[in-house]
Each structure stands twice: as structure tokens, then as C-alpha cells.
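Asks: Each chain is listed here by its residues.
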Amino acid sequence: METVRNNTSIQNKKQTDTSLNKTVWRWHFYAGIIFAPFLIILAVTGSIYLFKPQIEQVLYQEYYEVNPQGDKIPASRQIEEVKNLYPDAVVTQYRPGENATRSSEVSITSHDKSLTIFIDPYTGKSIGELNNEDRIMNIIEEIHGELMAGTLGDRIVELVACWAVVLIVTGLFLWYPKKKQNLFGILIPRLNKGKKILRRDLHAVPAFWITAGMLFLIMTGLPWSGFWGSNFQSLATNSGEGYPPSVWLGSAPTSTIKTKDIADVPWASENLDVPKSEIQGFIPLSIDNVVGIANREGMHPSYTVNIPNEKEGVYTLSAFPPKAQDEATMHIDQYSGAVLADYRYDNYGLIGKIVAWGITLHKGTQFGLINQLASLLICLGIILVAVSGFYLWLKRKPKKEMGAPKAPSIKKMKLFLILLIGLGILFPLVGLSLSVVWLIDWLIIQRISVIKRFMNA
Amino acid sequence: MKKNICISLIFIFSLLLSACSLEQDVANLYKKEKPLESEIVIPESFSENKQETIKVVLTQDGKKVEGADYVHFEIWKQDGSLNYNMEKAEEDGNGTYSLSKEFDSEGLYYIKIHASNDGSIIMPQKQFIVGELSKSELEFLQKGLEKNDESSHEHHH
Chain R
338 METVRNNTSI
348 QNKKQTDTSL
358 NKTVWRWHFY
368 AGIIFAPFLI
378 ILAVTGSIYL
388 FKPQIEQVLY
398 QEYYEVNPQG
408 DKIPASRQIE
418 EVKNLYPDAV
428 VTQYRPGENA
438 TRSSEVSITS
448 HDKSLTIFID
458 PYTGKSIGEL
468 NNEDRIMNII
478 EEIHGELMAG
488 TLGDRIVELV
498 ACWAVVLIVT
508 GLFLWYPKKK
518 QNLFGILIPR
528 LNKGKKILRR
538 DLHAVPAFWI
548 TAGMLFLIMT
558 GLPWSGFWGS
568 NFQSLATNSG
578 EGYPPSVWLG
588 SAPTSTIKTK
598 DIADVPWASE
608 NLDVPKSEIQ
618 GFIPLSIDNV
628 VGIANREGMH
638 PSYTVNIPNE
648 KEGVYTLSAF
658 PPKAQDEATM
668 HIDQYSGAVL
678 ADYRYDNYGL
688 IGKIVAWGIT
698 LHKGTQFGLI
708 NQLASLLICL
718 GIILVAVSGF
728 YLWLKRKPKK
738 EMGAPKAPSI
748 KKMKLFLILL
758 IGLGILFPLV
768 GLSLSVVWLI
778 DWLIIQRISV
788 IKRFMNA
Chain F
14 MKKNICISLI
24 FIFSLLLSAC
34 SLEQDVANLY
44 KKEKPLESEI
54 VIPESFSENK
64 QETIKVVLTQ
74 DGKKVEGADY
84 VHFEIWKQDG
94 SLNYNMEKAE
104 EDGNGTYSLS
114 KEFDSEGLYY
124 IKIHASNDGS
134 IIMPQKQFIV
144 GELSKSELEF
154 LQKGLEKNDE
164 SSHEHHH
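One line per chain: the protein sequences are R and F, in this order. Read left to right, the first sequence gives residues 338 to 794 (this note's numbering). Read left to right, the second sequence gives residues 14 to 170 (this note's numbering).
Honestly, the hints are just simulated from the structure, not real lab data. Because the structure is a prediction, the values reported are computed rather than measured. All C-beta atoms, glycine included, are put in the ideal place defined by N, C-alpha and C. Possibly wrong hints are sitting among the right ones.
As the list claims (entries may be wrong) - One side of the interface only, derived from the structure: several residues of chain R facing chain F at Cβ under 7 Å:
1. 574
2. 617
3. 684
Using the sequences provided together with the hints, build the complete structure.
Replies: Rendered as C-alpha cells:
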């Protein structure tokens with residue numbers, strides 16, 4: 338300030354610069370305090386979920402591994418065994434197992450529980466059952482994806498992800514060097530300039546380093562969120578450049594056979610004089626035929642068959658193996674065995690391919706261990722930045738206030754306002770929450786002086 | 014100003030929400046299969062000591078299939094007392110393929126068509142009744158359709 342005291346025009350510019358700085362800082366401050374705890378939850382659960390393949394391999398080794406001996410018995414007999422063991426169950430899925438030492442899985446719904454029954458395909462005997470709700474990785478996934486709070490949780494996670502983008506943008510602005518400075522404090526923390534500067538650098542410098550990774554995890558995670566993701570996927574699919582329908586969104590095709598041509602079971606009639614027309618008709622294919630078709634069409638061996646439980650339904654085969662290029666979704670007519678749709682990675686549109694890669698990279702499966710470790714590093718970085726940011730606030734906070742920088746009226750910050758509205762349109766949940774923040778500010782904070790003083794509004 | 018922002022935000026949200034659903038014929042934008050469709054025609058009545066003709070009408074991509082790669086019929090009785098192995102069907106033209114056989118024994122029958130054309134392979138299976146059902150056949154039907162034993166029959170490919 339000293340040097341520009343005499344020059345009013347420069348001083349004015351400087352003033353808007355500092356007030357812009359304060360506004361950005363204020364948004365970064367509140368967004369950080371509100372969303373840091375959620376970011377930590379997401380980073381911790383994400384770090385664990387990254388290693389799902391290894392963890393489940395250890396946890397469920399006894400269920401997964403079988404001794405190959407002779408030929409595998411047909412899928413129909415394996416499912417028959419499950420039906421004998423669970424007479425009331427509805428069989429929903431069959432997974433043949435991707436190699437010779439992997440057990441096959443039959444998924445059933447029994448008394449409102451979803452169970453997976455592991456079968457030794459060489460003996461046809463059950464190895465054991467797992468209740469899907471009890472599987473630790475399912476719980477971790479549920480926390481990571483929806484905080485175990487259903488649709489509301491899903492929206493909160495999405496909001497956190499979107500606001501994390503706001504945090505990144507405002508954070509980068511605050512980090513961006515205002516005057517010529519060497520790399521210390523920008524790319525390398527200043528260790529010997531006193532505690533205050535060290536605290537700031539331990540937040541801002543690592544935050545810059547993980548920015549790209551964090552943004553990558555957010556942008557690759559968003560497509561499977563419930564609101565932004567569904568809309569994004571719909572738009573992409575409708576444009577012809579996304580996933581083909583039914584791979585992510587949209588229903589499977591229906592059977593080419595007309596319902597009236599399908600054979601009925603003569604349930605009630607005790608006499609032999611049943612109406613022939615009802616019994617005569619098409620009957621469903623055996624699952625063994627479906628397995629045969631899958632082999633013929635070169636389905637990835639890790640596929641799962643969804644078994645139709647309705648007349649109009651189709652067999653849906655899907656494989657989402659570690660690498661995006663191996664993905665496949667196939668629908669087979671349950672009466673004729675015709676392949677109704679067969680979508681491989683190569684049939685995805687450009688956006689679909691990018692999203693598919695994003696998902697396998699996000700899950701850490703695309704490049705195996707290297708991928709997992711890189712993602713883990715980003716997660717640990719997010720935790721460090723969230724914690725150090727929180728610590729920074731605790732240390733700077735005056736006793737009776739939040740310690741937020743003073744807010745100039747947003748209307749003076751045209752550029753910042755436009756940026757926020759832009760983000761609000763790109764991420765409608767951000768826009769929605771911004772509107773709520775404005776309403777709260779206008780209706781409550783600005784009208785009650787104690788709160789106004791506390792929030793430094 | 015605030016009011017305008019509110020109104021435009023509401024407008025944008027409703028726009029985004031309405032974009033939420035997939036278009037009906039969106040599958041046309043992606044790779045499409047041309048599945049064979051079949052209509053299996055079983056005679057209304059069967060008479061003794063006379064050959065009866067079973068027909069299948071094949072359509073693909075909305076057109077009748079002429080000169081299919083192959084059309085084979087496989088016919089057997091549920092109780093195992095009769096078994097006509099896989100046999101090539103005659104092409105009658107206009108997408109129709111047929112095979113004539115004797116059906117002297119009453120009861121529950123199955124026919125499986127193995128057909129292929131232009132990359133689509135189908136194997137639809139139909140059950141039909143000649144004359145009257147026996148008690149054991151009715152019981153079999155009531156136990157559920159999927160339990161019919163296919164393993165005793167040879168298969169294509």
C-alpha cells in the first residue's frame with residue numbers, strides 16, 4: 338500500500354483486488370467448514386473401497402476358490418441345487434465364474450433378503466451363503482455413494498462433490514501468487530518462516546499439488562451420481578455419443594415373442610381337459626443355452642446373467658471387468674435365444690468411452706496396483722488438506738466469532754457472481770444450495786444482529 | 014435483480030430436470046442387432062397314420078427370410094417315447110420352412126427350431142399337444158415348465 342498512496346486510480350484497483358480476495362476467501366472459508374467433514378468421509382471410504390478386490394479376496398477366499406476336477410456341471414443343475422436348498426427363493430442372477438478355480442454364484446431373494454450362494458461348479462454343492470447387506474464392501478460403498486441415507490444421501494454426496502469444485506476454484510484463486518515470489522510458498526512449503534506461514538503453506542501447497550487428482554476423482558465420480566449423473570448420462574445417450582441404452586440408463590429390449598404365444602402353466606386344473614391353446618406355445622430357454630450363447634458370442638468370462646422372472650423379460654448378460662475396454666452388455670430373448678442387443682466398449686459413443694474409462698480409473702481397477710496407489714495418494718492428500726484447512730481455521734479463529742473475512746456486497750463482484758452462477762448452472766445442486774444460502778442470508782443473517790456479527794456478514 | 018436471478022434459476026432447473034429421460038428410439042443411434050423372429054405353426058388337429066406338416070415362418074428386419082443359412086427341426090415327446098432328431102426343413106418360399114412327420118401317439122410334444130441367417134442364431138422351443146394329455150404329463154406341466162429335461166437330447170454346434 339505504501340508505494341501507491343499517491344495514485345488514486347491504482348489504489349482503487351488495489352481495493353477491489355483485496356475485496357475480491359476477501360469475497361473469494363469468505364466463500365472458500367464457509368464451503369470448507371461445511372464440506373470438509375464430508376470430504377474426509379468420502380476420502381476415507383474411497384481409500385478402503387479402492388482395495389476391494391484384494392480385501393474381498395482375503396475375506397471370502399473360502400467362498401471364491403474351488404479345486405478344478407473334471408468338467409463343470411451345467412448351470413441349470415447348479416441353480417437346481419440352490420432351489421432345493423432355498424425352496425421359497427426367487428433366483429435373480431447366475432455368475433459362472435471367470436476361471437477354472439473360481440466358484441460360481443447364484444443370487445437369490447429370499448424373505449426380503451438378497452443372498453449370494455457360492456457353488457462349487459465341479460461338485461454342484463453349495464460352499465456357503467453371504468447376505469449382501471452384511472458384506473463390508475457393500476457398506477463402504479453405501480457410505481461412499483450415499484452416506485447410508487438413500488436418495489437424500491446420494492444428493493448430499495453429489496452436493497459435496499460439486500462444492501469441492503467450488504473449493505478448488507476459490508482455493509486456486511487464493512493460492513495464485515499475487516506478487517513475484519520464488520517457488521517457496523507456492524510449490525514448496527516455507528518451513529522456516531514461522532508457524533503462521535507454515536500452517537498456511539501446509540494447507541495451500543499440498544492442496545495445489547492434489548488439485549488435478551482431486552478434480553479428476555470428482556469429475557469421474559459425478560457421472561454415477563443420482564441427479565447430475567442421471568441427467569448427464571441421459572443427455573449423452575440421447576446425443577448418440579454416450580453409453581448405448583440399458584448399459585447404464587434405460588430399459589432392456591423386450592422379447593420378440595408375443596405374450597399370447599407363450600405357454601401357460603395349467604396351475605389349477607385337476608382334470609385332464611385343460612384348454613390346449615393356453616399350454617401350447619413357446620417355452621423359455623434353459624440357462625444352459627444362455628451360457629452356450631455367451632460362449633459363442635465371446636462374452637468376457639466375468640459376466641453375470643440376470644434371470645428374467647417375468648414373461649416379457651430377457652436374459653441380460655453383463656460384464657464390467659477391471660478394464661473399460663472389456664465391458665459388455667448383452668440381451669438375449671428368453672424364448673428364441675436371439676441376441677437382441679450386444680453392446681461392447683467399441684459400440685459406446687465417445688462420451689460413453691470417456692465415462693467408462695473414468696469409472697475404472699476412479700475405482701482404481703484400470704491399471705491395477707499402480708492405479709490403486711495413485712488414487713490412494715490423492716485420497717490421503719484430500720484428507721491432509723481438509724484437516725490442515727480445518728486446523729488453520731481453529732488457529733486463526735477469534736474467540737467469539739467465526740473468523741470469516743468480511744463480506745462486501747456480492748453485487749459489486751460482477752465477475753465472481755458470474756462465476757458462481759456459471760457453476761450453479763453447470764451443477765444445479767450448487768445453484769440450488771446457493772439460492773438457499775442467499776435466502777438464509779437475506780431472511781435471517783442480515784436481520785439478526787448477533788448472528789450477523791458472529792458470521793461477520 | 015434478485016428476483017430475476019431466482020426466476021432464471023427456476024427456469025434453468027426445470028429445463029435440466031426435463032432433460033432427464035431417454036428418448037424412445039434412442040437405441041437406433043447405437044449398434045443394432047437384426048434378430049430372427051419365428052412363428053411356429055402347429056396343425057390344428059392331428060389324424061392317425063398320416064403325415065402332418067409343421068411350419069416355421071422366419072422374419073428378419075421386417076422382411077421374410079429367403080434362403081436362410083440353416084433351418085433344422087428337432088421334435089420329441091415329453092415322456093421320451095418318441096424322438097425325431099435334428100432334421101433339415103424344406104424351404105417353401107416366402108419365409109416358410111416346413112417338415113412333415115407322423116404323430117400317432119397322443120400326448121405332450123416339443124419342437125425346437127434351430128435357425129440362422131445374417132448373423133442371428135435362434136433356437137425357439139414350443140410345446141404342443143397331440144390328442145389328449147396323460148395324467149403324468151399334466152402333473153409334469155403343473156410342476157413348472159423349466160424342468161423339462163433337455164439333457165437327453167443332442168444339441169447343435
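Asks: Quick one, is the residue 684 of chain R hint okay against chain F at 7 Å, beta carbons?
Replies: Holds - the Cβ of residue 684 of chain R comes within 7 Å of chain F, reaching about 4 Å at its closest.
Asks: Measuring from the C-beta of residue 574 of chain R to each C-beta in chain F, is the shortest one below 7 Å?
Replies: Constraint on residue 574 of chain R satisfied, holds at 6 Å.
Asks: Hint validation: residue 617 of chain R versus chain F, beta carbon distance must be below 7 Å. Holds or violated?
Replies: 5 Å, holds
Violated hints for the displayed structure: none, as all numbered hints are satisfied.
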